[in-house]
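Note that the protein sequences, when read in sequence, are chains A, B, C and D. Residue numbering for the first sequence follows the numbering used here, beginning at 1 and increasing consecutively. Residue numbering for the second sequence follows the numbering used here, beginning at 1 and increasing consecutively. Residue numbering for the third sequence follows the numbering used here, beginning at 1 and increasing consecutively. Residue numbering for the fourth sequence follows the numbering used here, beginning at 1 and increasing consecutively.
The set of hints was computed from the structure by calculation and includes no laboratory data. Be a bit skeptical, because a hint or two may be false.
The list cannot tell twin chains apart, which means a pair is met if one copy fits it or any two copies do.
Simulated crosslink set (DSS-like; lysine-lysine; CA at most 27 Å straight-line) [what the hints assert, rightly or not]:
(1) 281 <-> 140
(2) 325 <-> 295
(3) 43 <-> 7
(4) 7 <-> 202
(5) 405 <-> 295
(6) 185 <-> 325
(7) 12 <-> 43
(8) 125 <-> 295
(9) 248 <-> 209
(10) 209 <-> 13
(11) 125 <-> 55
(12) 283 <-> 140
(13) 125 <-> 140
(14) 7 <-> 283
(15) 37 <-> 281
(16) 348 <-> 286
(17) 401 <-> 281
(18) 37 <-> 140
What follows is the residue order along each chain.
4 protein chains.
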Amino acid sequence: MVRTIIKADLSKKPQEMPGHNFHNRYHPDIPAVVEVKQDEVFKVECYDWSGGQCKNDDCVDDTYEWDLSIGHVLSGPIAVEGAEPGDILEVELLDIQAHPDMPWGFTAILPEHRGGGGFLGDLFKKPAKAIWDFEGIYAKSRHIPGVRFVGVIHPGIVATAPSRELLDEWNRRESELVNSAPDGKGSSMACLPLPHLAILGKVDKDPAKAEKMQKEAARTIPPRENGGNADIKNLSRGSRIWLPVYVKGANLSLGDIHFCEGDGEIALCGAIETAGIITVKTKVLKNGMSMYGLKRAPMFFPGPIDPYYSRYLTFEGLCVDEDGKQHFVDTTLAFRQAVLSAIEYLTKFGYTREQAYLFLSACPVESHIASIVDIPNACVTLGIPTEVFDFNILPNGDGPKVMVKGSHPPAVPK
Amino acid sequence: MVRTIIKADLSKKPQEMPGHNFHNRYHPDIPAVVEVKQDEVFKVECYDWSGGQCKNDDCVDDTYEWDLSIGHVLSGPIAVEGAEPGDILEVELLDIQAHPDMPWGFTAILPEHRGGGGFLGDLFKKPAKAIWDFEGIYAKSRHIPGVRFVGVIHPGIVATAPSRELLDEWNRRESELVNSAPDGKGSSMACLPLPHLAILGKVDKDPAKAEKMQKEAARTIPPRENGGNADIKNLSRGSRIWLPVYVKGANLSLGDIHFCEGDGEIALCGAIETAGIITVKTKVLKNGMSMYGLKRAPMFFPGPIDPYYSRYLTFEGLCVDEDGKQHFVDTTLAFRQAVLSAIEYLTKFGYTREQAYLFLSACPVESHIASIVDIPNACVTLGIPTEVFDFNILPNGDGPKVMVKGSHPPAVPK
Amino acid sequence: MVRTIIKADLSKKPQEMPGHNFHNRYHPDIPAVVEVKQDEVFKVECYDWSGGQCKNDDCVDDTYEWDLSIGHVLSGPIAVEGAEPGDILEVELLDIQAHPDMPWGFTAILPEHRGGGGFLGDLFKKPAKAIWDFEGIYAKSRHIPGVRFVGVIHPGIVATAPSRELLDEWNRRESELVNSAPDGKGSSMACLPLPHLAILGKVDKDPAKAEKMQKEAARTIPPRENGGNADIKNLSRGSRIWLPVYVKGANLSLGDIHFCEGDGEIALCGAIETAGIITVKTKVLKNGMSMYGLKRAPMFFPGPIDPYYSRYLTFEGLCVDEDGKQHFVDTTLAFRQAVLSAIEYLTKFGYTREQAYLFLSACPVESHIASIVDIPNACVTLGIPTEVFDFNILPNGDGPKVMVKGSHPPAVPK
Amino acid sequence: MVRTIIKADLSKKPQEMPGHNFHNRYHPDIPAVVEVKQDEVFKVECYDWSGGQCKNDDCVDDTYEWDLSIGHVLSGPIAVEGAEPGDILEVELLDIQAHPDMPWGFTAILPEHRGGGGFLGDLFKKPAKAIWDFEGIYAKSRHIPGVRFVGVIHPGIVATAPSRELLDEWNRRESELVNSAPDGKGSSMACLPLPHLAILGKVDKDPAKAEKMQKEAARTIPPRENGGNADIKNLSRGSRIWLPVYVKGANLSLGDIHFCEGDGEIALCGAIETAGIITVKTKVLKNGMSMYGLKRAPMFFPGPIDPYYSRYLTFEGLCVDEDGKQHFVDTTLAFRQAVLSAIEYLTKFGYTREQAYLFLSACPVESHIASIVDIPNACVTLGIPTEVFDFNILPNGDGPKVMVKGSHPPAVPK
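Chain A with its partners taken away, still in its complex shape:
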């Protein structure tokens, strides 16, 4: 039988679980909680990123209380026998399943003081929340009718521990960005170390040491050289990822399970956030980092059972902003314009703008950088799989029919 090396009891908070098997910061001195052999198959249970803060209900009241400082609750670190700095750690995600005790997930636009609305946060300032129920491989939501799709389940985070030098480098460059921001804007530029709600695994048994490390341990919000919160939807069942090793044992961490997600995860709390169980196998490629030139970020090889969604209604976006101003080859802005067009299109069928935004964030939409050399415009595309709708979403001569009425994600307090 495959052994489960880390268990998540969803009726308890992660920081209260014995064993100190969870953490939410990166630091080279967080000790591994367990060691695995190469080629050993093992299971790891994971909380949702928030450690269980979302209620499965029909109002947004709870979002006002969420504390993002606890994110992301990660399982590990896991030491891999034989891994040393300079190696590559190959992590094979043999399977990923939703946690049996949480057969549902959530996608949310958060209140501004709780994190806000993500990519289009300037336009979506009120909280909204959609609960998704899992029907086997499918997700559907009572808050967004008319759609059902296969979950491309994946961990938002697969990461190795940083070295001391790398951690210092992260803190240097992110501090510089914060410090270069206009007054009062720095905190929205990056997430610097934060002692509040920091969980450092076994270190927490030594409060003095923990207090010191909390001030320098890296937040898990951004993806970095060690992998981390890349939020890649295609890192799904059967995938292999190649991560750099910076410390002895590699110290692998996993978490932030997404039952599904659209490219970009635009709503911030934007995937279908849930708890889950990952089956893993690891291998060490000795001296792989220099042999393969791996340094900026990981490589991966998606698995063979992504859903067969091959036909996408696709929106083009250019880098001309809403005021008609031309920008220079800005793919971020071009993506924004594609998302805006998709939202407007969906509202023609009766969806509210919040429903459309949450849907595009959670459904396996595909976004490609189509062209990046045709100055001054970049072209970015956003494709929605047409098969996920109960009705025909393609344009035709009759015009759109309002298919969805009288239902919306709750956008005001109860």
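Fit chains B, C and D to the known structure of chain A by using the hints.
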């Protein structure tokens, strides 16, 4: 029999062809050269974007003579019966084939004064050129050994004519961008109207009128609201695209055939540039623009026979630049880092950096915006289909083997 | 939470489980053990077909003791609210998972007196057994090295209960076939009712009634109008199947979980046989049988996440037998010849004939009827997904390399 | 430029073309008409199988005049440099295109004395004919409304020449089959050598020799060890096929272009029959036949651009005949039952039985042998891609709507 409404004789220059069936600028007053009925199936022949300037040889000498002012040579305009401003024009690309008289294509890094090296132009300053030979559905190059792939053939440009108002708007916003640039940098920010080598179709029969229009007609370099040079590789055989109609008849133009292209078309002259023949059918959705909210850019629905490349070795890129500076959620920079990692990886197998760059530009690589809300990093991925290599390109414990030697795209004058 | 309506405790025999939730014969008078509502999502646990007779070991001794009379152990019957004769029952297989207590499966050639070797039983007369270990979504076997593949998990059996009239019809036509066989051959032509080891669910609480019903209840070996043992590998996760309803409540039964299987399931005990858990939703289409003309056998719609195996090394088979005799459009014989060619091919790489046969039976190979009108030959194809091998299985100028040595499924008693 | 080694002028009959580049019988002594080098890319033009006998009209009158003795008109033989008996000839079908002078095709049920109705010929005794118009990659028919599909274009026939010994063997075994048939039935069992309308290429320049060879040259109707009329729809663009070599030069023949076809090609003249152009490359694997055990029939590897039809409404068929008689594991009968169920289903939507039969024969339906060991029933499936219909073809609670009316393939003489 399907009628060919526009013919391209590759032994002649497009501007010398009788009928004035070609143009290379957008202007509402360029008259249609032919009218088609809705649901009529017709064929359109297209030159390569340059009108035949590239030599099928093994040196880069010709690139020093290319004149980009002639780009893109487009076939049309084609009036569609019944199309009026405010409608949507549905264009179905029933088939796309390479031109029988040009069974080859080219991908190039141009000399700086001739356009330069595209997305990584700061790093690729010397010209290089790869000639691709078509073997049926496949492309292979004597300048980039070890790879062969199925062409995802598509027109870089499918466009309707702009209205007077839209043309003015383009000139306003692009002029503002140019004028806001530092001294001497404006010309690299956008391509403003240029009389040199302008072709205006039937207008050219009236030199006085042509001279006036050349000064305001829009260049075809960037994609815009009317479609245009979106360079979307998935707009391949069997696709449908929905374009806004701004003038009576819609005045459809087609051209810039790519036998294949990677997402981004990074090398500028970066697809496998060639001539071709498109089989087309059109339909008008009356008042479609307001009914479906189409205004920023077109929508499309890819066809059902893209190649079955489903497994991609994928590189992640973050928005930390080569100097270690942290940028804020910059997907363009993140894409750059993914491309740099892919180039470095390919060189481990023996490819030169130029070969790697041209390959990534021409092969159907896929680039996704993976995450855009994980401040301060964006994560963009670049996936290379593993099946296109003659050898195993995946990392393994043995390290990369140098599979490719002693061959490279010519990077110096003869 | 989704309720589990039938539980399988693998440490017990199915006939010993309280609740009488299992049965292994079809009869209209076996009462339903539970009722579900339409659109209700529920889970059903299933034993392997044999109720746990296979040992996870490295010898074939146990196969001499297996008793096929117990097959197939089915979960149910399950009554669906509102279903009546003449309706169609739509069964959606929302998810299918291997049972957590049986993370392995088996494929076997049985001893002749225990069932024999299936489709090529005349050539494979000695028992052989391969144990497959599940690594997440993948199956691999210590008895068949060099291959690993994604399991196309499915229930071999999804069935409704027959009416009295249909049961009588089955017994009539199958008896006729047995009776028309030459002396002593009848028992190999069909499996007529058999009291030995019959399990009739709740009926077993009334031994007198059970004894009577055992003599007429239909065996579950063949697929019939009610679905049953169709062994369709593509009836996997996310599929919908439309079954005829013959009795009030439809009385749905499920079982015979296959972690994977090749088209044909050629080795008889030929899939990767295992236990599992199915998540189900049902719907009733009133009067569907006549509305849609459903009578001969079910229809189904495969799910959207079959593996991406799109490239198959494919063998053609014709209906000329091994003695060179020409048969007339016989697809069964043509399939046999394709299988023989595939086995011979695989032995060139070092596999034993038994390994090849078990592999082709368990791996998701695809068999198509290519042509059936080109008298006198039929052409049937057998395609093996090339990606499942650790090595290159395609023919090339160098000839096959022996990649697999010194390992084989145990083919003799310990 | 790729050279076209054999040209087909569709305005002429194949036997009237200079060069004697066509033949319609197999015989080792038909000399090659051209030689190619290994790895050379070349094009071959092909007539439709009948050499142009079908009229593009709306009645069946012409079918009464067709003479099947001329089938199949093949292009070649083509000698490959270096190929010798015992080698394998690898033939790569780099591209396949419909002939520009025949942008349409035909599917027909023939009058009984002209060949009949194929697989269900006992039920379809009156002629019917559907003309398909090609719209780029798509086929649609004015005789079968409501459907349009991507053509899986392929040559029905790719064959090498037989040796003297092999030819004798074919004649022996097929004569035996004919002779073993009941009185008067032999001619429907196989197609023995037939001088009438035989074309033997360059041999025809020597009438005496031709007359002798016509009596022993094999018909091209059935597939055999040398490949031949396997009618495999997936042998489409980009495929590789490995053929045995029996004579010096291999003497490759190609023809019987199908714009599309369903598994089985059930209606006899059942694909979308047309003319076409194939781009080919060959390679010789020395001594490949023994190295790889190739003897019964060819192997192949389908290309990478089959259409993305991944969702199929699938009918199961069992080997119980229409009279309720149980047969023993008869996949041919099981396939028949699946076809009958599909036809009945389609008539519920308004199609005539003839339309349904022709559609199932021409559309890329998929037929799998699902199970072959569940005595006494075999289970064969027939899947129809749902995307090819203009309307929703899946069953639902509302019952089928009659979508197609007042149109049918002409089934009576004008």
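Consistency of the hints with the structure:
no.	hint	result
1	281 <-> 140	between (31 Å within a copy, 14 Å between copies)
2	325 <-> 295	between (37 Å within a copy, 15 Å between copies)
3	43 <-> 7	both (9 Å within a copy, 23 Å between copies)
4	7 <-> 202	within (15 Å within a copy, 39 Å between copies)
5	405 <-> 295	between (50 Å within a copy, 25 Å between copies)
6	185 <-> 325	both (23 Å within a copy, 18 Å between copies)
7	12 <-> 43	both (19 Å within a copy, 26 Å between copies)
8	125 <-> 295	between (38 Å within a copy, 25 Å between copies)
9	248 <-> 209	within (21 Å within a copy, 69 Å between copies)
10	209 <-> 13	within (22 Å within a copy, 55 Å between copies)
11	125 <-> 55	within (21 Å within a copy, 56 Å between copies)
12	283 <-> 140	between (37 Å within a copy, 17 Å between copies)
13	125 <-> 140	within (25 Å within a copy, 50 Å between copies)
14	7 <-> 283	within (22 Å within a copy, 37 Å between copies)
15	37 <-> 281	within (9 Å within a copy, 41 Å between copies)
16	348 <-> 286	between (55 Å within a copy, 16 Å between copies)
17	401 <-> 281	between (49 Å within a copy, 25 Å between copies)
18	37 <-> 140	between (39 Å within a copy, 19 Å between copies)
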